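Chains as they are written, first to last, in the numbering used here: chain A, 1 to 480; chain B, 1001 to 1401.
Some clues are possibly wrong.
Derived list of chain A stretches under chain B, where covered just means 3 residues or more per stretch with a C-beta under 8 Å from a C-beta of chain B [claimed, not checked]: (1) 166 to 179; (2) 338 to 344; (3) 425 to 431.
By construction, these hints were calculated from the structure, which means they are not laboratory data. Small disclaimer: the values here were computed from a predicted structure and weren't measured. Glycine included, every Cβ here is placed at the ideal spot set by N, Cα and C.
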Amino acid sequence: MVGITSYGAYIPLQRINRKIISNATGWSTTATSLPGEKAVANYDEDSVTMAVAASIDCLTGIDRNKVGGIYFATTTPPYRERQSSGIIATALDLRPDIRAADFADSIKAGTLALLAACDAVKAGSEKNIVVCASDCRLGRPGSAQEVIFGEAAAALMVGDTDVIATLEGTYTLTYDFMDQWRADGDKFNRMWEDRWIRDEGYTKFIPEAINGLLKKYKLSIKDFAKVVIPCIYLREHQAIAKSLPLDDKQVQKEMLTTVGDTGSSHALMMMVAAFEDAKPGDKILVASYGNGADAMFFQVTENIEKVRNRRATKKYLASRKDLTNYQRYLAFREVLPMEMGLRGEVGISLISLMWRERRTILGLCGAKCKRCGTTQYPYLRVCVNPRCGAIDEMEYYRFSDKKGKLFSFTSDALAYSISPPEMYGHIDFEGGGRFAFNLTDCDLESLKMDMPMEMTFRRKYVDNVRGIHGYCWKATTIRA
Amino acid sequence: MPEGIRDKVAIIGMGCTKFGELWDKSPEDLMVDAFKEVIQDAGIEKKDLQAVWQGGPQFCEVSVGHCALPLSQTLRLPFIPVTKVENMCATGSEALRAATYAVAAGACDIAMALGVEKLKDTGYGGLPEFSQWAVIGTKHRIIAANQTAPGMFAMLATKYFARYGIKPDEGKRMLAMVSAKSHHNGALNPKAHLRREVTVEQIMNAPIVAWPLGLFDCCGVSDGAAAAIVCRADMAKSFRPDFVRIKSCQISASSGEEEMFNEFDYTHGECSTRAAIRAYQEAGIKNPREEISMAEVHDCFSIHEAVIMEDLQFSPRGKVKDDIMSGRFNLDGAQPIQPDGGLKCFGHPIAASGIRMVYEMYKQLQGKADRRQLKNPKYGLTQNVGGNPYRNVASVVIVGP
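Can you make the complete structure from the sequences, with help from the hints?
Below you can see the structure in the form of structure tokens.
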């Protein structure tokens, strides 16, 4: 049977309370009264880095050589031309002989990627496809979108063995419904009238897709343990549920007040959350929204108990830090163009070098000496162990999935950073190996010598002159 | 054991510009200024030079550029061999070592080393951005963390404090003593960049650049040039009676194991330690703490000077604090360090610093150090570290009568 074999999620550490946004912009607008907070990607995160983090969570305990494909859904890829799923595959150190694809341009891309992965596995073309979805959509300061949008990523693996939830049925609606749009070159989303989107969009498409699925497979809504309904209006979320009709306990909780509308990962985040609480035998219905709607019907198996050791939405939700400065949020997203000084200027990226060293740079692969066993970063042809020194006896060794200890650290007010002070330190990896990395999502006060650390894929720089997004691995304290 | 170069080569002339933010001086001006002094001091003419080594600049792109042509053309050297060498902050010492080795080898009788660096054309404080330059290999350039020199040396401090159980306040005070001492000396030196005494309290309360290093824990950034003319020791007397002999020139470059192999403790300098051991062997020094009268060391940051005292065996490992607090390294102490004010007060025009340090030892040995003059110094030692505490090139030069 084809279905979901693993799940994972990623929610950035920082959350901004919507009151902080309204305090800053309320003088000009009363765009929305949505309560709660939303998740904010750090200055060094984007849709690609968050997708890598969610995929790592999803791949917990899974041999990465078994991954046969990677599908990435987003409406906010860093490049118009350069495959984001290729960056993600390299960062995850996946095999090159796999199928990678980007699904874009609609917030329904998340479920569309999932449907495509299920079809590919069902057809026998691929095995073990990781589907990840992630978005960093921007609303103009003072807009409703700025308040609604949040940033997070979800990942699901699709396969035909050890399935935790089998895909039992699907129903898809496609409408050229222009509720939100962003033309080529636009930084911010635009939208038509709020009430029209609510009444003609969410309130109609989601019930139509769900009822279409029920009718197609002769099911009753009562059969489902959980129903995922992504909706950017809290009241309509309840109204749609009531109209189906659903009991309260059947309704998967919206994440609007904790994470926000995360675009292409919105429905998948809620789906992952549903799996976190699911029991074997549960039927789960997942609806998505965006230029129409999808509905998918899953049957949970006893294998679900084998994948409980994920951080997923619960642990990432609990691991949080307040972002109390609205201007800082704007600077992170380059909405507020801060002075960076001459020191902050970005030099030319040597693309051919970056290709040659892709496993070192994007994959955080170092070397393991076959003669003495010393693990070392970066990969150099001569062993670093002074008692060995073997030449050309190295094999690649992945450090990105190794935990480490903080061997040294400082916080640096001189180095250029969008979020100063810049932090860095040396990481001593479990199993050996040491290198200096920037530290992220932490502050000087929280650091102690020898504390456990883990690696996280981040954006190193954006070269706006040449249109290049540089990525790297940083170290951070253990999130959850 | 090789025979070494001890006493085979003598310094017969030296020159050193004033160091500072020399907005009106080009690197070419600095080369000419250092050359005028060195050639006059040696009492020779340009045509007497048989080979020249140009140290640096290290940061070519904001200075005179690559290769040795900037020097040969600026000084109108008459078609003699001129070579550019660079080895990070040890560049000046490396140029002197090259000239010394050439004379010791008999390849030439009289040679010059000149180090020059213009840092104040970058448009910002501190060193030029490392991330823009392939200073440490293509792989490193692209995977190195975004870090600056103060931060990399700050980690030496946090690690040293942690290893030896020094509380942050105690540690800050120890480091402040290092800088206060150098400021005292620098105030006495007309060629220094920073010429103001500062108190330990001022230093401890200064803004933090990279914890625990504050503003006064960091050396200045400046422009400057320095030069030395060396000749066969048996010829030296014909030029001047008070020539200075070179006892040793040693260099040690990291294998990379400090950064990438888990055994390095990050509380000492491996290259400095090894270069010092070799230099003492070459110079015949048995007890550095007693025999070395004075030293100019690489105090780019106060913590580095402290740790170097242990690398050079002036203080036992983990015990430098006692020597710092007791004033051993002050101008009137048992073993004065940075009598000229050090990098702290001269700033650090990378390729010029090594020769500037030897300049002070030379003047001290000749009794020409004015208000900073020490009583009967015998051996003087200079030491540079180019790079950071875990990946560097270290040099040790010993001079004496």
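- Message: Output the indices of the hints that this structure fails to meet, ascending.
- Response: Hint 1 contradicted; others consistent.
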